[in-house]
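2 protein chains.
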Amino acid sequence: MNVRVYQGLSLGEYREVLEKAVREHKLVLVLTTCSVDYEGRGASTLGEGERVIIIKRDWAFLIHRPNGYSPVNWQPQSSVIDFEVEGGLLVIKAVRSRPREIVTVRASDVSLVVVADMSDKAEFVEYVSEHEIRDLIARNPSIIGEELKITSIEKPVEPGFVDLYGIDSNNRIVVIELKRVTATKEAVNQLHRYVVAVKKSLGRRDVRGILVAPSITKSALEYLERLGLEYKQLNLKQLRRILEEEKKTKSEKKSGANLLEFFRKR
Amino acid sequence: MNVRVYQGLSLGEYREVLEKAVREHKLVLVLTTCSVDYEGRGASTLGEGERVIIIKRDWAFLIHRPNGYSPVNWQPQSSVIDFEVEGGLLVIKAVRSRPREIVTVRASDVSLVVVADMSDKAEFVEYVSEHEIRDLIARNPSIIGEELKITSIEKPVEPGFVDLYGIDSNNRIVVIELKRVTATKEAVNQLHRYVVAVKKSLGRRDVRGILVAPSITKSALEYLERLGLEYKQLNLKQLRRILEEEKKTKSEKKSGANLLEFFRKR
DNA sequence: GGCTAAATCTCGTGC
DNA sequence: GCACGAGGTTTAGCC
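Protein chains in written order, with this note's numbering: chain A, 1 to 266; chain B, 1 to 266.
Treat the hints loosely; a few may be bogus.
For identical chains, the list gives no copy identity; a pair is met inside one copy or between any two copies.
[What the hints assert, rightly or not] Only pairs whose alpha carbons sit at most 27 Å apart, straight line, appear in this in silico BS3-like list of lysine-lysine:
no., residue 1, residue 2
1, 237, 248
2, 93, 237
3, 155, 185
4, 93, 121
5, 185, 218
6, 247, 93
7, 199, 185
8, 20, 93
9, 185, 232
10, 200, 185
11, 237, 185
12, 232, 149
13, 218, 237
These are computed hints drawn from the structure, not numbers from a lab.
Turn these sequences into a full structure, and let the hints guide you.
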């Protein structure tokens, strides 16, 4: 990694360095005393204080305060980043075109600028996502303690997509809504919407709605029961164990079948 | 701002510097070649590559790749940050207790460490939020072209909170759901939920549901009309003008009051 | 601490 | 390019 550190320059000199670094799509860090204005979908102002500015190679633009996870101001991807010295201040403008938004930094002092060549081609692998859980249950519905035949994944119905759709051992239609986190009223409502839509489109009354989640809020459970829907608890630890097992087996077999596509094509 | 820059140290020396800086709640930046594992609500692995690590004064922990707005891994607030040198690697563990999550960084190389004393006490003022729009309409319902008397803000009903609640000129109950961005089916659904709940709790059928938003998706509008609900377009620019005006008047009044106090104290 | 909903949400995916 | 939904969402507000 090629890293350059700049300290003790004049604002004009910093401007030169920053302008060149950004033009060359380097990664840039700026430690600065500044105020910030934002104007776009919303609007904000931030008084003077000490912050870290990160400008990424794709011109993502982040302003971080000394505390907290979130940047105080940002631009997910800027179309223009402009540096000017005006009235004793280094003014940085990060502009985004769609939606039209602008972040303006007014730096009275720059303590440090770091310019780095960075390369990162590594693969990011995430697991235990809702997708993965969904496909696992589709392959093996007994996980949720039901004798089901899953016939569709992400089945489109009027108000959206049903996570899992199938038939139980009594030939009743089953609509499943899946959450990988605590289910709230929103989730109950989503399920209810789908059940109503399926009932209507099929002209059948014997449609079961099952909410599958690791946990559910008390009021959501009450709401769900009042609507005649069901809740099945999901054991995430067990699921992860099964997924781990499958992954091992899969990497041995090296099978590349896409379950979603498989179901779609039927 | 007191800034210290470290380069060319051994991993063991870096460990010392980082350990001390974090213990003293300094802001820390690390440019490093590393791999990352995450295990908690979800799980992920990331192969070796060049990244920026930010450790904030409150032990928020962010790992950024050279591109994109989002950190690839993070800890909103760590309870423990631990540094060890193991097998030629600097291993950084950031642990969060609730929920139990752990991010593990394995650094094969450190290019730069920056340790900074940073102070930022400035106020962050955000405007044109849903709150502000809500309160403005509450004060002046004619903005949405209706003769309304608003009687409640954020009225709690069974499934959640009604943004604005009131009575129209024909004595019909009005439930208003507000969005500051394009309204989707989700918003329609939210409104529908509230209208159903209010109808039920009052035993009245003459309850109007109005979705107020700057725009609405086509399918959401169809859905809304099918449910017998209404949509009112919001002119954000006009709203912002009014808010600006009000703010000016308010600050004049405020400074006037301060002036009054000032004179009283003499 | 639980619950509810907003967010300059961002990001991926499908049409 | 829009629409829709997930997210390790995070954050704020209220009880």
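The hints, checked one at a time:
When the C-alpha separation of residue 237 and residue 248 is checked against a cutoff of 27 Å, the pair qualifies only within one copy, where the shortest distance is 17 Å, while the shortest distance between copies is 57 Å. Within a single copy, residue 93 and residue 237 get their C-alpha atoms only as close as 47 Å, which misses the 27 Å cut-off; across copies the closest is 22 Å, which meets it. In the homo-oligomer, the alpha carbons of residue 155 and residue 185 lie at most 27 Å apart both inside one protomer (22 Å) and across protomers (17 Å), since each shortest distance falls under that limit. Taking CA atoms no more than 27 Å apart as the test, residue 93 paired with residue 121 passes between copies only; the shortest distance there is 23 Å, against 29 Å inside one copy.
In the homo-oligomer, the alpha carbons of residue 185 and residue 218 lie at most 27 Å apart both inside one protomer (9 Å) and across protomers (25 Å), since each shortest distance falls under that limit. Proximity of residue 247 and residue 93 under a CA criterion of 27 Å is satisfied inter-copy only: 26 Å between copies versus 47 Å inside one chain copy. Taking identical chains as interchangeable, the C-alpha atoms of residue 199 and residue 185 lie at most 27 Å apart whether they share a chain (21 Å) or sit on different chains (19 Å). Proximity of residue 20 to residue 93 under the C-alpha cut-off of 27 Å is restricted to the intra-copy arrangement: shortest distance 15 Å within a copy versus 36 Å between copies.
Taking the shortest alpha-carbon separations for residue 185 and residue 232, both the intra-copy value of 15 Å and the inter-copy value of 26 Å come in at or below 27 Å. In this assembly of identical chains, residue 200 and residue 185 lie within 27 Å of each other by CA distance both inside one copy and across copies; the values are 22 Å within and 17 Å between. With identical chains, the CA atoms of residue 237 and residue 185 are at most 27 Å apart within one copy only, with a shortest distance of 24 Å there and 34 Å across copies. Taking the shortest alpha-carbon separations for residue 232 and residue 149, only the intra-copy value of 16 Å comes in at or below 27 Å, while the best inter-copy value is 44 Å.
In this homomeric assembly, residue 218 and residue 237 come within 27 Å of each other (Cα to Cα) only inside a single copy, at 22 Å, whereas the closest approach across copies is 41 Å.
In summary, this structure violates none of the numbered hints.
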